[in-house]
Amino acid sequence: MPQTVFAPWENPDEKPLIQFRNVTKKFGDFTAIANLDLDIYAQEFFALLGPSGCGKTTLMRMLAGFEMPTSGKILLGGEDIAAVPPNKRPVNMMFQSYALFPHLSVWDNVAFGLKREGRDKSEIETRVSDMIRLTRLEKFARRKPHQLSGGQRQRVALARSLAKAPKLLLLDEPLGALDRKLREETQFELMDIQEKTGTTFVIVTHDQEEAMTVASRVAVMDEGRLVQVSTPDRIYENPNSVYVADFIGDVNIIEGSANQTGDKVLVNWAEGHSPLVATTAAVLQKDQTCYLAIRPEKIAITAEQPDAANVVQGEILDIGYLGNISTYHVKLPSGHVIKAQSANTRRIARRSFTWEDKVWLSWSDTAAILLER
Amino acid sequence: MRRMSGFNIVSLTFGLAFLYLPMLILVIYSFNASKLVTVWAGFSTRWYGELLRNEAFLDAALVTLKVGVISSTLATVLGTMAAFLLVRLGRFSGRTLFSGMIYAPLVMPDVITGLALLLLFIGIDMDRGVTTIVLAHTTFAMCYVSVVVSSRLSSFDTSLEEAALDLGCTPWSAFRLVTLPIIAPAVISGWLLAFTLSLDDLVIASFTAGPSSTTLPMKIFSAVRLGVSPEINALSTLMIGVVAFGVVIFSILSKRNTALKLQEERDAVDGRT
Numbered sequence: 001m002p003q004t005v006f007a008p009w010e011n012p013d014e015k016p017l018i019q020f021r022n023v024t025k026k027f028g029d030f031t032a033i034a035n036l037d038l039d040i041y042a043q044e045f046f047a048l049l050g051p052s053g054c055g056k057t058t059l060m061r062m063l064a065g066f067e068m069p070t071s072g073k074i075l076l077g078g079e080d081i082a083a084v085p086p087n088k089r090p091v092n093m094m095f096q097s098y099a100l101f102p103h104l105s106v107w108d109n110v111a112f113g114l115k116r117e118g119r120d121k122s123e124i125e126t127r128v129s130d131m132i133r134l135t136r137l138e139k140f141a142r143r144k145p146h147q148l149s150g151g152q153r154q155r156v157a158l159a160r161s162l163a164k165a166p167k168l169l170l171l172d173e174p175l176g177a178l179d180r181k182l183r184e185e186t187q188f189e190l191m192d193i194q195e196k197t198g199t200t201f202v203i204v205t206h207d208q209e210e211a212m213t214v215a216s217r218v219a220v221m222d223e224g225r226l227v228q229v230s231t232p233d234r235i236y237e238n239p240n241s242v243y244v245a246d247f248i249g250d251v252n253i254i255e256g257s258a259n260q261t262g263d264k265v266l267v268n269w270a271e272g273h274s275p276l277v278a279t280t281a282a283v284l285q286k287d288q289t290c291y292l293a294i295r296p297e298k299i300a301i302t303a304e305q306p307d308a309a310n311v312v313q314g315e316i317l318d319i320g321y322l323g324n325i326s327t328y329h330v331k332l333p334s335g336h337v338i339k340a341q342s343a344n345t346r347r348i349a350r351r352s353f354t355w356e357d358k359v360w361l362s363w364s365d366t367a368a369i370l371l372e373r
Numbered sequence: 001m002r003r004m005s006g007f008n009i010v011s012l013t014f015g016l017a018f019l020y021l022p023m024l025i026l027v028i029y030s031f032n033a034s035k036l037v038t039v040w041a042g043f044s045t046r047w048y049g050e051l052l053r054n055e056a057f058l059d060a061a062l063v064t065l066k067v068g069v070i071s072s073t074l075a076t077v078l079g080t081m082a083a084f085l086l087v088r089l090g091r092f093s094g095r096t097l098f099s100g101m102i103y104a105p106l107v108m109p110d111v112i113t114g115l116a117l118l119l120l121f122i123g124i125d126m127d128r129g130v131t132t133i134v135l136a137h138t139t140f141a142m143c144y145v146s147v148v149v150s151s152r153l154s155s156f157d158t159s160l161e162e163a164a165l166d167l168g169c170t171p172w173s174a175f176r177l178v179t180l181p182i183i184a185p186a187v188i189s190g191w192l193l194a195f196t197l198s199l200d201d202l203v204i205a206s207f208t209a210g211p212s213s214t215t216l217p218m219k220i221f222s223a224v225r226l227g228v229s230p231e232i233n234a235l236s237t238l239m240i241g242v243v244a245f246g247v248v249i250f251s252i253l254s255k256r257n258t259a260l261k262l263q264e265e266r267d268a269v270d271g272r273t
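Those sequence lines, one after another, are chains G and P. First residue of the first sequence: 1, per UniProt numbering; consecutive thereafter. First residue of the second sequence: 1, per UniProt numbering; consecutive thereafter.
Worth double-checking, as some hints may not be accurate.
Short, incomplete list of chain P residues facing chain G, as computed with Cβ under 10 Å [to be verified]:
1. Asp157
2. Pro171
3. Leu177
4. Ser206
Only some residues are given here: those of chain G computed to face chain P with a beta carbon under 7 Å [claimed, not checked]:
5. Phe66
6. Thr70
7. Ser71
8. Asn92
9. Met93
10. Phe95
11. Ala99
12. Arg116
Just so you know, the hints here were simulated from the structure itself, not pulled from any lab data. Don't be surprised by glycine CBs; every beta carbon is placed ideally from N, CA and C.
Please model the complete structure; the sequences and the hints are all you need to start from.
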């Protein structure tokens with residue numbers, strides 16, 4: 001049965017909800033955002049991912065209206081919103097600190113935005129109780145923020161920012177204050193709420209797992225620039241640069257020089273070792289510097305020499321035991337340390353390898369990604 | 001609680017006696033039945049009654065109250081505005097100068113402030129009276145208010161205001177509905193401080209008062225020069241009462257303020273981890 005996949009970014013007729021056009025933002029001499037173009041579509045769950053100081057928060061604050069672009073345009077539904085103050089934008093934000101009003105109860109916090117719109121009382125009441133039910137806060141409606149736990153506050157902040165049914169909801173590191181277990185639960189809750197309300201979400205995070213879990217598309221940022229904008233699986237499987245490959249998940253990067261024949265590339269990476277093989281659609285010059293990115297889980301670790309496109313031998317330096325999987329750090333004679341992961345399908349007592357064992361690492365010619373930068 | 005040593009008890013007693021014995025004597029003698037201040041002739045509230053019939057004192061009390069309420073209200077508005085500017089605007093050119101100048105009147109001798117204001121009022125040919133005292137008191141009280149309010153504002157999370165704007169508030173309504181209720185304890189304690197200062201002031205008021213506008217401290221001072229009367233004792237006792245009340249409320253509010261601040265800091269820490 002054919003399924004329609006949600007991918008408006010692949011449909012050229014689709015009009016984006018938000019358009020950044022050549023947006024630059026400077027704080028004095030410091031360039032926070034450098035000539036950035038970006039389209040975000042309605043009903044997307046869009047993640048801005050990057051290390052702190054990469055400009056992701058500035059980007060979000062420009063959408064909320066707290067910062068003005070130094071140059072360039074930001075369009076919301078086709079209209080330039082530069083001149084629109086924050087209180088007139090159909091955009092709401094969930095703050096990193098939650099910014100709950102300490103002198104108001106949960107109920108009044110959620111009702112705050114609706115009251116400013118001057119809607120009538122019964123309408124406000126229905127809307128607020130809907131939001132409180134959606135975020136499962138019925139029991140706490142009369143409490144003040146300081147009487148709530150971190151997770152409950154986070155839900156109040158979410159309810160408050162959703163109450164006005166914004167076209168666009170901005171989430172600034174919304175789950176940063178929660179512990180891991182609660183964070184994972186809340187991620188799924190967020191996705192659920194996003195689906196129910198049909199609101200476009202833009203989330204800022206430095207946690208790549210979080211971005212991968214919740215987002216329909218992820219934008220990886222570095223120093224005010226977008227490095228790659230794509231779906232989580234493409235970002236992971238087909239990173240466009242060493243920066244992205246390294247930022248998302250664990251990866252082995254091997255530098256070498258290219259020698260291409262057709263779609264196969266032989267990469268000379270160390271003296272006295274046979275070249276590694278990878279496939280690529282790109283065209284590389286002879287002896288061009290290139291990088292092989294290989295995910296640890298795509299590398300097999302064996303005691304006997306296997307029959308595979310790429311085989312290297314080394315010695316186990318370290319073993320990271322994570323319960324379900326183990327990461328082996330294998331030192332090659334060339335000095336490279338390669339990480340290989342394997343699932344612990346057996347009990348730990350029956351593990352096949354231990355420290356200082358000689359092992360073989362192997363991966364197929366399609367496992368490695370060839371990167372030019 | 002730790003038991004106090006003998007030395008501690010002695011120093012505490014002496015310290016408190018040094019501070020409060022004169023006032024205690026004043027309060028006791030205000031209930032003296034005799035007209036002679038230094039001779040005890042039994043308990044009586046007669047001088048309080050006399051006081052209520054003394055129109056000169058009642059007028060002075062009214063002037064003092066009027067000056068206190070108006071000047072501390074003005075000082076609270078101006079002081080809060082100054083505190084906002086200092087805390088929120090970050091670095092602007094002349095900020096250090098401005099903040100220094102705001103706090104300078106705190107350490108300026110009253111005589112100098114009074115004299116300067118007097119010269120100003122004469123210079124602009126302003127009739128001296130209640131208005132000039134109000135202006136003078138506002139001038140020095142607003143520094144105190146701005147100190148109290150800015151200490152509260154510096155720990156205020158500005159994302160609360162941003163959240164209010166985000167939810168549809170205009171900047172003014174964000175201030176009215178979010179910022180003001182949260183900093184209210186500091187603003188009220190600033191007002192109380194200003195009010196007590198205005199009530200206490202003799203020097204500046206003497207410089208800036210006109211013939212028709214005598215404040216209570218001025219009245220007491222001039223009356224005492226003709227000799228201490230039991231009526232003055234009664235009046236002073238009442239003033240001690242009012243000021244003590246103000247100070248107690250002020251300290252309760254600032255204590256609550258500190259507790260709130262601590263709570264917010266804890267929350268902020270929780271938020272980060």
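Outcome of the hint check:
1. Asp157: holds, 6 Å
2. Pro171: holds, 8 Å
3. Leu177: holds, 8 Å
4. Ser206: Nearest chain G Cβ about 43 Å off; hint violated.
5. Phe66: Cβ of G/Phe66 sits 6 Å from chain P, so the hint holds.
6. Thr70: violated, 19 Å
7. Ser71: Hint violated; G/Ser71 Cβ to chain P Cβ min 23 Å, cut 7 Å.
8. Asn92: holds, 6 Å
9. Met93: Holds: closest Cβ of chain P sits about 5 Å from G/Met93, inside 7 Å.
10. Phe95: holds, 5 Å
11. Ala99: holds, 4 Å
12. Arg116: Holds, about 4 Å.
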